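There are 2 protein chains.
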Amino acid sequence: MIELKSARDLINTERLQRELAEAGLDAVVAVAPENTYYLSGAYIRTQVSIRDRLALVLWPRQGEPTFIVCNIEESLVARESWIGDVRTYVEFAQSPVNLLIEVMRERGLQGSRIGIERRFLTAEYHDELLEGFQADYRPADQLLERVRAIKMPGEVERIRDAFVRTEAAIRAAWAATRAGDSEKVIAERMSAEITERGADGIRHVTLASGENTIHAHRRPGERRLAPGDLLLTDIGGNWGGFNSDMARMGVCGEPTAESLKEYGAYREAYVDTLRFLGPGVTAAEVFNHCAREFEKRGIALRAPHIGHSLSRGGGHENPILHPFNEQRLEPGMLIALEPTFQASETRRYHLEDLVLITSDGREILTDWQSTADMIRLAT
Amino acid sequence: MIELKSARDLINTERLQRELAEAGLDAVVAVAPENTYYLSGAYIRTQVSIRDRLALVLWPRQGEPTFIVCNIEESLVARESWIGDVRTYVEFAQSPVNLLIEVMRERGLQGSRIGIERRFLTAEYHDELLEGFQADYRPADQLLERVRAIKMPGEVERIRDAFVRTEAAIRAAWAATRAGDSEKVIAERMSAEITERGADGIRHVTLASGENTIHAHRRPGERRLAPGDLLLTDIGGNWGGFNSDMARMGVCGEPTAESLKEYGAYREAYVDTLRFLGPGVTAAEVFNHCAREFEKRGIALRAPHIGHSLSRGGGHENPILHPFNEQRLEPGMLIALEPTFQASETRRYHLEDLVLITSDGREILTDWQSTADMIRLAT
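Taken in sequence, the protein lines are chains A and B. Take 0 as the starting number for the first sequence in numbering that gives the first Met the number 0 and just add one per residue. Take 0 as the starting number for the second sequence in numbering that gives the first Met the number 0 and just add one per residue.
FYI, nobody ran anything at the bench for these hints, they're computed from the structure. Remember, it's a predicted structure, so these values are computed and weren't measured experimentally. Certain hints may be false.
Claimed, not checked - Label-pair ranges, simulated between beta-carbon atoms:
#1 A:Arg137 / B:Arg223: 28 to 38 angstroms
#2 B:Asp8 / A:Gly197: 44 to 54 angstroms
#3 B:Arg223 / A:Val280: 46 to 56 angstroms
#4 A:Ala92 / B:Gly23: 54 to 64 angstroms
#5 B:Gly297 / A:Gly23: 55 to 65 angstroms
#6 B:Asp8 / A:Arg301: 29 to 39 angstroms
#7 B:Ala371 / A:Gln141: 37 to 47 angstroms
#8 A:Gly227 / B:Ser74: 34 to 44 angstroms
#9 A:Glu13 / B:Ser74: 42 to 52 angstroms
#10 B:Glu101 / A:Glu329: 32 to 42 angstroms
Unchecked claim - Each computed EDC-like pair below joins lysine to aspartate or glutamate, with the alpha-carbon atoms no more than 20 angstroms apart:
#11 A:Lys260 / A:Asp372
#12 A:Lys183 / B:Asp199
#13 B:Lys260 / B:Glu210
#14 A:Lys183 / B:Glu195
#15 B:Lys183 / A:Glu187
#16 B:Lys260 / B:Glu166
#17 A:Lys260 / A:Glu221
#18 B:Lys183 / B:Asp160
#19 A:Lys295 / A:Glu325
#20 B:Lys183 / A:Asp199
#21 A:Lys260 / A:Glu166
#22 A:Lys183 / A:Glu221
#23 A:Lys183 / A:Glu166
#24 B:Lys260 / B:Glu221
#25 B:Lys183 / A:Glu210
Ideal Cβ placement from N, Cα and C applies to all residues, glycine included.
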């Protein structure tokens, strides 16, 4: 479905070059998995699971980038990355930072200004770099975040597609569900429906029924769905690294008057916040607006954030919608909006849709209208 | 199956106290997910997926430990951890390191000697800690590794159980497989069999057929199994955080004379290396022994390592069996032995079994005898 070698079209190189120029950087060293994936197009699974096995992209302001990886990933990189200059180190025999230093020396970067990820590099690797190569190092974590945050059209299309398939999978799985099914069985059914729609795998799955809905990030368990139960899912599939991250609410049989009222108030505030998203407002303003919309309806927003952006391979990314984030929304950003509402000791509500910020407002890319009612599950 | 609140019995507190005393440490701050999981008994999923959201265990030489987590994980921690003193921070409002400093101040740890994980703490958090609280900081990454490496009986039992169930799942799935099935379908079948055996989820799944076997860590794809194909899997399930990590070889129909010969030579060297494991030998000696056993049979060992330990929640852990690791094997250690053998541009072989190091040798905990022949898949 996805032509992996075309990945350069998915990089916002124009924004990257502009950011490098504005920061006066001669090069940036990307090392967090979401950044190396974004810049190289190759997803190196073990970079995530084996912490010391770094993969790095050295992106100079002038010239072509270099990709530094462990030699056992060489064939994967040849297949997936568009970067031609790939350099490999032998694990345990050479440190990846040591190879990075070699490459920077070849490139004549001594004494130049180099951006690094201080929020990813460990203290040990950081010291090895600073002691081994003389340069003017600057934090570039936020710079790389800003580049990834403004999406290329191909990225928007692929992430939207992942969400649309995920919603279809949830609805198909829940249509086949009835009272008596365990959370685990329902979760497996959703996973199977996602895989059936071409996903390479499941990124995350939260599924909780009844009083279990109050636990954040609960793994599906043995509890069986019963009439009157709420059902909450927050699930994501992975299509070539383009992930979905979507939440929907269901109810088994007839909702109680109480849950109808709670859901109605919550969803009104949710929809109002969807419509508040747009260019120029800050993440904190969106959070505060949502909190006021909750309050107007006599309910309380207690979540620490109410949404986030996302990229290929990544999880929650900035702009994260929390009350201390003054970052402004810009055209081209994607936001997964997801305020949660804990109504009682036994009931929590959660919806999550995908929104593209445009120059004159927003485009909601998922079927938010369908959430007017909770999805009905058979008794 | 697993009584989560009993987790303190799964901690080698005797070894931890001895290591703290020997290093002259007044406290150690555990922050890598495998360490906080080990010490607290609570698995905080988002600690892995959301990098800045630290969970930390402050373990003092005197007195009880403190568990520092993001407030949205509080209910999970109350359910899963045996640690009574839990302190929470509000994400984005307070830094986790800032809360750690508060707790260390309360504990009167100013100026004392404190172990930290320099190979996990990022440069940014590391600086925040050193600038915010005056103490004599020492690297404690290896100290914590050594504690986790010597298993408690309950850990051995649970990890063995995970492996045994995984082998049964592979065999059941492959018995239902025949030529024409795609790698994805076979992988799903294995995952379903693992879940059926009580797993909470799949930790990793590599499955490759035919010429795909040569790629390390390949995700299962659309390729269909054909007569004569080799089939290679390296798969792990998760039972309450006790993970399996097991590799097995199959062949669809009759193996070729070439692959029979290659597998035979590889397996002889493998079995010989299994029997070489024991207390007192170093990781490097095991690697070198295996390389010699390969060489004797006219085949080449090119893998950077040939095995590793593992713990609750973790991936590859020390002692990792690579040629530069002088760490000695000790009774109570678990080793997943897994040399791989790339025989040609189209064929790679891989077996992986679990071994307990004992005071007088070893106990192989998985059914290595059953690998005398590759598992036969129907044509």
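A quick look at each hint next to the structure:
1. A:Arg137 / B:Arg223: 28 to 38 angstroms: Violated: the Cβ-Cβ distance is about 51 angstroms, outside 28 to 38 angstroms.
2. B:Asp8 / A:Gly197: 44 to 54 angstroms: Taking Cβ atoms as reference, Asp8 (chain B) and Gly197 (chain A) lie about 45 angstroms apart, which means the hint holds.
3. B:Arg223 / A:Val280: 46 to 56 angstroms: Holds - the Cβ-Cβ distance for Arg223 (chain B) and Val280 (chain A), about 51 angstroms, lies within 46 to 56 angstroms.
4. A:Ala92 / B:Gly23: 54 to 64 angstroms: violated (33 angstroms)
5. B:Gly297 / A:Gly23: 55 to 65 angstroms: holds (58 angstroms)
6. B:Asp8 / A:Arg301: 29 to 39 angstroms: Since Asp8 (chain B) and Arg301 (chain A) have Cβ atoms about 35 angstroms apart, the given range 29 to 39 angstroms holds.
7. B:Ala371 / A:Gln141: 37 to 47 angstroms: violated (57 angstroms)
8. A:Gly227 / B:Ser74: 34 to 44 angstroms: violated (23 angstroms)
9. A:Glu13 / B:Ser74: 42 to 52 angstroms: At 45 angstroms between Cβs, range holds.
10. B:Glu101 / A:Glu329: 32 to 42 angstroms: holds (37 angstroms)
11. A:Lys260 / A:Asp372: Within the cut-off at roughly 11 angstroms; holds.
12. A:Lys183 / B:Asp199: holds (9 angstroms)
13. B:Lys260 / B:Glu210: Status holds; Cα separation ~17 angstroms.
14. A:Lys183 / B:Glu195: Distance of about 10 angstroms is within 20 angstroms: holds.
15. B:Lys183 / A:Glu187: The hint holds at about 16 angstroms.
16. B:Lys260 / B:Glu166: violated (24 angstroms)
17. A:Lys260 / A:Glu221: Violated, at about 29 angstroms.
18. B:Lys183 / B:Asp160: Cα-Cα ~26 angstroms, so violated.
19. A:Lys295 / A:Glu325: violated (24 angstroms)
20. B:Lys183 / A:Asp199: holds (9 angstroms)
21. A:Lys260 / A:Glu166: Violated. Lys260 (chain A) to Glu166 (chain A) sits at ~24 angstroms, over the 20 angstroms cutoff.
22. A:Lys183 / A:Glu221: Holds. Lys183 (chain A) to Glu221 (chain A) sits at ~6 angstroms (cutoff 20 angstroms).
23. A:Lys183 / A:Glu166: holds (19 angstroms)
24. B:Lys260 / B:Glu221: At roughly 29 angstroms apart (the allowed maximum being 20 angstroms), Glu221 (chain B) and Lys260 (chain B) break the hint.
25. B:Lys183 / A:Glu210: violated (35 angstroms)
Violated hints, listed in ascending order, are 1, 4, 7, 8, 16, 17, 18, 19, 21, 24, 25; each of the other numbered hints is respected by the structure.
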